[in-house]
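Protein chains in written order, with the working numbering: chain A, 64 to 196; chain B, 4 to 487.
Among the hints, a few may not be true.
[As the list claims (entries may be wrong)] Below 20 Å or equal to it, Euclidean Cα-Cα: the simulated SDA-like pairs (lysine to any residue) are:
{"id": "1", "chain 1": "B", "residue 1": "Lys-438", "chain 2": "A", "residue 2": "Asn-97"}
{"id": "2", "chain 1": "B", "residue 1": "Lys-438", "chain 2": "A", "residue 2": "Glu-100"}
{"id": "3", "chain 1": "B", "residue 1": "Lys-387", "chain 2": "B", "residue 2": "Ser-302"}
{"id": "4", "chain 1": "B", "residue 1": "Lys-442", "chain 2": "A", "residue 2": "Gln-119"}
{"id": "5", "chain 1": "B", "residue 1": "Lys-387", "chain 2": "A", "residue 2": "Pro-121"}
{"id": "6", "chain 1": "B", "residue 1": "Lys-474", "chain 2": "B", "residue 2": "Thr-396"}
{"id": "7", "chain 1": "B", "residue 1": "Lys-442", "chain 2": "A", "residue 2": "Pro-121"}
{"id": "8", "chain 1": "B", "residue 1": "Lys-438", "chain 2": "A", "residue 2": "Tyr-122"}
{"id": "9", "chain 1": "B", "residue 1": "Lys-442", "chain 2": "A", "residue 2": "Asn-97"}
{"id": "10", "chain 1": "B", "residue 1": "Lys-301", "chain 2": "A", "residue 2": "Ser-172"}
{"id": "11", "chain 1": "B", "residue 1": "Lys-438", "chain 2": "A", "residue 2": "Gln-119"}
{"id": "12", "chain 1": "B", "residue 1": "Lys-442", "chain 2": "A", "residue 2": "Met-123"}
{"id": "13", "chain 1": "B", "residue 1": "Lys-438", "chain 2": "A", "residue 2": "Pro-121"}
Everything labelled a hint here was simulated from the structure, so no lab data went into it.
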Amino acid sequence: MARKKILVVDDEAHITHVVSLKLGNAGYDIITANDGEEGLELALHELPDLVITDLQMPYMSGVELCARLREDPKTAQIPVIMLTARGYALAQEDLDRTNIKSVMSKPFSPRQVLEMANDLIGHDEQCIIEEAA
Amino acid sequence: MGRAGIAILLCSAIAGLISGFVAVFLLPMLPISSGIVLTLAGSFTLAAIVAGCIAPVLLSTGRDVIRLENQIEEAIDSGSQVTLHCGPWLRPLADAITQVQSGWTEKVSKLNTRLRELEIRHRLIEAERDHAETILNSLHDAVLVTDSFNEISLTNHRAAELLGFDTSTAARRPIDEVVHDPRIRELIKEIRSSGVVTRQKHVEHAMESSGEMGGRTSTFDVTLAALPDGQSGVGGVVTILRDITKEREISQLKSDFVSQASHELRTPLSSINAYVEMLIDSEAQDEASRQEFYQIIKSESDRVSRMIDNMLNISRIEAGIVSVDRTDCDFVKICNEVIETMQPQAAAKDIMLSMKSGPLVYTADADRDMMHQVVMNLVSNAIKYTPDGGRVTISIENDDMTRSVMVTVADTGLGIPPDALPRLFEKFYRIENYKRVAKGTGLGLNLVKHIVETVHRGTITVTSELGMGSKFIFTIPYEDPNSR
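Kindly produce the complete structure, drawing on both the sequences and the hints.
Here's what the structure looks like:
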């Protein structure tokens with residue numbers, strides 16, 4: 064069974080690096096992008112199982128990226144974890160027009176990001192099957 | 004001349020003449036007996052004698068009356084107590100008049116004293132009123148006092164300016180005619196109709212200012228207090244409007260600053276937190292990864308620290324509590340030091356970093372460390388936003404027109420978009436699309452502007468063309484303008 068693929072989008076290189084490492088060590092395939100536009104392009108091309116994105120980014124914000132993913136039938140069902148340095152929750156209308164499943168505020172814990180990714184795309188099950196095999 | 008005296012004299016003379024004439028000429032001619040004639044003649048003669056005797060007495064009394072009248076007239080004119088001189092016939096009358104006059108003189112004197120007291124009191128009240136008006140007019144707050152008829156009894160220039168009326172014509176006019184702001188009228192009526200002299204009431208009210216300030220909406224703290232009418236009811240109402248627009252703006256700026264600062268601090272803190280957790284969870288698989296994590300943690304901690312330093316420095320300058328150590332700063336020396344420090348970074352990008360200056364001495368009375376920080380910041384930005392192989396040039400000139408040293412930091416970098424230029428020196432402002440090009444706190448240029456303009460009374464300007472590079476020019480006066 065193919066390993067699940069996660070797209071990590073953040074303009075802070077340290078953040079994409081640490082999230083990639085954590086999820087990569089847990090057995091996921093990771094692709095990264097530095098801004099919303101690049102993220103959208105990669106998502107449409109690679110069709111990842113999960114997208115983890117920052118909210119404030121140059122060229123295209125995290126919410127805009129998620130809205131565009133939702134509009135395209137190929138990516139409409141991809142769940143999204145949003146990381147934000149803003150001290151407030153996202154507006155309900157933004158949540159309604161996107162497939163954002165979880166919002167984590169910075170500073171975040173890579174451990175919790177991994178747990179949430181496991182919850183959303185059932186990697187635990189996959190690992191157990193692979194380990195058993 | 005007394006008319007009574009003349010009348011008495013004339014009567015006496017005429018009576019004597021008529022009596023004599025009748026006795027001597029008319030009686031002998033009448034057809035009556037000589038006995039009767041004699042009797043009548045005797046009577047008339049007696050009457051003439053009596054009239055002749057009484058006439059001088061009447062004459063003298065008439066003169067006395069005239070004299071008395073003149074004395075009374077004089078006494079009235081002088082307003083003082085006088086002794087009346089007259090003959091014995093009129094003495095009782097003169098004494099009575101003297102007594103009455105003495106009573107009146109006392110009353111007039113008392114009334115005069117009272118009048119003087121009232122005049123003094125009136126002048127004092129007028130002076131106090133002028134005093135109160137001067138105090139009211141010197142206030143920056145608008146004051147409006149209405150009486151129990153809802154008419155304006157006291158106000159000041161600021162109220163007139165704010166509410167758009169004329170102080171000279173507003174007195175004693177109903178507020179409905181004078182004050183055009185319906186909310187203020189309503190508030191005054193509300194407090195009056197409450198019928199109780201309660202504690203002060205505060206209301207925040209946004210209003211468009213009239214007069215010079217016209218067109219700008221300001222926020223006011225309206226204080227209303229009911230004045231007692233002396234019968235446990237509400238007499239007048241005092242309304243005070245204090246402009247709190249500035250306070251609100253400052254409070255908003257502060258809250259924005261805190262919100263932005265915490266947002267900006269979250270990003271490096273987030274990295275530190277994540278990498279520390281990775282180390283705890285033994286996610287670094289080898290020593291090299293561990294070293295990489297340590298480096299990231301260190302550099303992100305430095306970033307937080309720089310941000311906090313910048314924030315504190317800006318706050319200190321804004322609060323006017325920064326300590327400035329002015330010396331005769333040699334700008335050539337400072338720029339050379341900066342070039343020496345930044346040379347490795349420039350070399351890493353193959354950027355030519357150089358300085359141009361004439362043979363003159365370029366010194367100004369300034370804080371050396373701050374000047375170093377300004378040049379360092381501008382050169383560091385220039386290197387960050389200039390692609391590999393570019394040029395960064397510092398030039399120093401003396402501008403004798405403005406009596407300032409002028410330093411220019413020019414680069415051949417990305418340039419600044421025209422829409423970003425006006426916001427470039429704002430706190431936390433970063434050109435969105437350049438965030439990826441280089442890291443920054445978003446506070447550097449704000450600090451530079453504060454050091455140059457707020458602390459040293461110099462100027463800083465920027466010109467730029469997209470894709471062609473940018474030019475930052477700052478000037479520092481030769482002498483501290485505050486010391487002159």
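Here is what the structure says about each hint:
With a C-alpha separation of about 11 Å, the suggested pairing of Lys-438(B) with Asn-97(A) holds against the 20 Å cut-off. Between Lys-438(B) and Glu-100(A), the direct Cα distance comes to roughly 15 Å. Compliance with the 20 Å bound is thereby established for this hinted pair. The straight-line distance between the Cα atoms of Lys-387(B) and Ser-302(B) is roughly 17 Å, inside the 20 Å bound, and the hint therefore holds. Our distance criterion of 20 Å between C-alpha atoms is met by Lys-442(B) and Gln-119(A), whose separation comes to about 15 Å.
Straight-line distance between C-alpha atoms of Lys-387(B) and Pro-121(A) comes to about 18 Å, which keeps the hinted pair within the 20 Å bound. With a C-alpha separation of about 9 Å, the suggested pair Lys-474(B) and Thr-396(B) falls inside the 20 Å cut-off, and the hint holds. Taking the CA atoms of Lys-442(B) and Pro-121(A), the gap is near 13 Å; set against the 20 Å cutoff, the hint holds. As the CA atoms of Lys-438(B) and Tyr-122(A) are separated by approximately 11 Å, the hinted pair is consistent with the 20 Å bound.
Between Lys-442(B) and Asn-97(A) the alpha-carbon distance is near 14 Å, which keeps this suggested pair within the 20 Å criterion. Between Lys-301(B) and Ser-172(A) the CA atoms are separated by roughly 18 Å; this keeps the pair inside 20 Å, and the hint holds. Between Lys-438(B) and Gln-119(A) the CA atoms are separated by roughly 11 Å; this keeps the pair inside 20 Å, and the hint holds. Under the criterion of a C-alpha separation no larger than 20 Å, the hint pairing Lys-442(B) with Met-123(A) is consistent with the structure, at around 19 Å.
The hinted pair formed by Lys-438(B) and Pro-121(A) meets the criterion: a straight-line CA distance of about 7 Å does not exceed 20 Å.
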